[in-house]
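Student: Given only the sequences and the hints, what does the whole structure look like? Please build it.
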Amino acid sequence: MKQLIGFFVLTLLLSSCESLVLRSAEQESFQLDSPQTGQSYEITVLLPPDYSESQSYPTVYLIDGHWHYPNVAADAKQLMEKDKIRDILLVGIAYAGINPKSLSGWGSISEIRIDDLTSVKNKEEDVLGGKAAAFRSFLKEDLIPEVEARYASAASERTLMGHSLGGYFGFWEMFTFPDSSLFVNIEAGSPALWWGDGHLMADELLLHEAGTSLPFNLHTTMGSLESVTWNTFFDEMEERLKAHQPAGLTAVYERYPKGHSANAEVGFKAGLEYFFSK
Amino acid sequence: MRHTPAFLICFLICFSLAKAQDSKPFFQSLEVEYEKATFDQARGLGLKLNHVWKTQKRSIFQSGLMLSALTRPGASPPTTGVLREFNSSLRLQLHAGYEWRFGANRKWLSFAEGFAGLRSYLITGSLDQPNQGFDRNFSDFTVRGDLGYRLGLGYQVAPQWSLQASITGSILEVNHPLGWYTGLLVWGPDYLALLGVGLRYHFDWKK
Numbered sequence: 001m002k003q004l005i006g007f008f009v010l011t012l013l014l015s016s017c018e019s020l021v022l023r024s025a026e027q028e029s030f031q032l033d034s035p036q037t038g039q040s041y042e043i044t045v046l047l048p049p050d051y052s053e054s055q056s057y058p059t060v061y062l063i064d065g066h067w068h069y070p071n072v073a074a075d076a077k078q079l080m081e082k083d084k085i086r087d088i089l090l091v092g093i094a095y096a097g098i099n100p101k102s103l104s105g106w107g108s109i110s111e112i113r114i115d116d117l118t119s120v121k122n123k124e125e126d127v128l129g130g131k132a133a134a135f136r137s138f139l140k141e142d143l144i145p146e147v148e149a150r151y152a153s154a155a156s157e158r159t160l161m162g163h164s165l166g167g168y169f170g171f172w173e174m175f176t177f178p179d180s181s182l183f184v185n186i187e188a189g190s191p192a193l194w195w196g197d198g199h200l201m202a203d204e205l206l207l208h209e210a211g212t213s214l215p216f217n218l219h220t221t222m223g224s225l226e227s228v229t230w231n232t233f234f235d236e237m238e239e240r241l242k243a244h245q246p247a248g249l250t251a252v253y254e255r256y257p258k259g260h261s262a263n264a265e266v267g268f269k270a271g272l273e274y275f276f277s278k
Numbered sequence: 001m002r003h004t005p006a007f008l009i010c011f012l013i014c015f016s017l018a019k020a021q022d023s024k025p026f027f028q029s030l031e032v033e034y035e036k037a038t039f040d041q042a043r044g045l046g047l048k049l050n051h052v053w054k055t056q057k058r059s060i061f062q063s064g065l066m067l068s069a070l071t072r073p074g075a076s077p078p079t080t081g082v083l084r085e086f087n088s089s090l091r092l093q094l095h096a097g098y099e100w101r102f103g104a105n106r107k108w109l110s111f112a113e114g115f116a117g118l119r120s121y122l123i124t125g126s127l128d129q130p131n132q133g134f135d136r137n138f139s140d141f142t143v144r145g146d147l148g149y150r151l152g153l154g155y156q157v158a159p160q161w162s163l164q165a166s167i168t169g170s171i172l173e174v175n176h177p178l179g180w181y182t183g184l185l186v187w188g189p190d191y192l193a194l195l196g197v198g199l200r201y202h203f204d205w206k207k
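Keeping their order, the protein sequence lines are chains Y and B.
Each residue of the first sequence is one higher than the one before, counting from 1 in the numbering used here.
Each residue of the second sequence is one higher than the one before, counting from 1 in the numbering used here.
Quick caveat, the hints were computed from the structure, so don't treat them as lab data.
Worth double-checking, as some hints may not be accurate.
[What the hints assert, rightly or not] Heads up, incomplete: computed chain Y residues facing chain B, CB under 10 angstroms, no partners named:
{"hint": "1", "residue": "A192"}
{"hint": "2", "residue": "D197"}
{"hint": "3", "residue": "H199"}
{"hint": "4", "residue": "M201"}
{"hint": "5", "residue": "L225"}
{"hint": "6", "residue": "T232"}
{"hint": "7", "residue": "R240"}
{"hint": "8", "residue": "K258"}
{"hint": "9", "residue": "F276"}
Here a beta-carbon is modelled for each residue, glycine too, at the ideal position from N, C-alpha and C.
Tutor: See the structure below:
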């Protein structure tokens with residue numbers, strides 16, 4: 001009997017080891033320096049369970065990977081393994097060599113990302129912000145070509161996923177480069193639409209007046225506990241986009257009874273399901 | 001604080017009920033605490049009633065009720081618009097735990113307890129943003145379950161009075177699965193942990 005139990009335990013251990021090896025094989029990392037932003041980025045790529053070079057996978061570019069990649073990768077992996085979504089590549093974009101817990105002071109992640117993710121400063125007198133164009137150049141000219149050279153990534157099906165200022169960056173991408181086709185799907189969690197005096201609201205109005213198409217699938221979410229400013233801007237943007245109905249835009253607006261960071265987790269998972277459900 | 005009148009009324013009712021009991025009171029002590037969230041601006045008052053179930057030489061087992069109300073000023077990022085906002089949470093908890101006495105004349109006390117209850121959030125307000133041409137109202141009321149712990153240390157300053165300090169944490173997901181990313185905690189009525197200082201009144205000291 002003891003031998004039987006021992007055999008059973010050994011089998012269990014070995015099978016666990018095997019699955020660990022398989023899991024670790026599904027994720028790869030590399031570092032990429034950006035001349036545009038002056039930063040080094042740690043790029044982590046989650047490959048689908050049966051990754052094949054002969055396939056062409058939709059690819060999700062996840063901003064703030066230093067914070068969100070572990071949760072989103074766990075969700076993506078689970079959804080793919082349970083066959084609930086199509087196989088995808090998930091690309092986490094993190095800052096190399098910077099402690100993700102560093103939240104204040106010069107050189108902290110919180111400050112670097114303000115530069116990278118915003119197209120204007122929040123207030124004129126602010127030091128940080130307004131370098132989103134450089135970060136976008138890094139995405140367009142360095143990261144995306146690198147990912148598409150290394151992996152079987154479908155150039156026609158790129159998704160941009162971001163939260164908070166990352167959500168702002170998603171809206172900015174839509175409104176500033178509506179015909180670039182760099183991304184077809186935008187997942188904007190808790191977008192900071194109030195940033196820079198809410199200039200994205202004015203940008204949307206200009207696009208509407210010019211009759212500009214917005215060829216994007218947009219999935220955007222807000223936590224109902226995220227205070228009045230976040231929610232009123234979100235509600236106003238939803239109302240305007242629904243009223244203006246820009247050609248080409250497919251948009252879903254969702255709310256969860258969550259706070260700011262909890263909304264990232266549920267919103268990103270909902271975004272994966274929305275864009276890639278089978 | 002908009003909760004203050006309601007809190008004072010609750011306090012007076014609890015105090016009067018407990019004080020009015022002529023035999024051994026059901027609730028043997030009443031605590032009032034000022035609570036301040038770690039890392040952000042949420043703050044408020046807590047009111048707790050304790051019933052003692054079992055007394056030993058240096059320890060007692062007790063349980064009871066706690067009500068606390070916190071406001072979170074400055075939860076919204078400032079804009080050029082005119083913001084009116086009230087942001088608060090209200091908690092009702094059942095707790096149980098041990099208290100240990102130590103030191104000279106057993107005047108020092110420490111306590112550890114768990115709690116289960118409800119936590120509600122109320123957000124209401126409006127934003128008038130003339131630069132972007134809108135003026136909107138927003139309100140939300142959300143209720144959740146809550147489960148957590150409270151640890152504390154106190155000192156008996158008079159026969160019926162103790163001073164105490166405590167830390168309260170929730171083990172349920174609240175607003176911040178990312179935990180210590182304090183930069184992501186700031187928007188909304190929630191908080192990670194509370195530090196409290198307060199007073200405890202012992203009703204049954206002479207019984």
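Student: So which of those numbered hints doesn't the model satisfy?
Tutor: As far as the earlier hints go, only 9 is violated by this structure.
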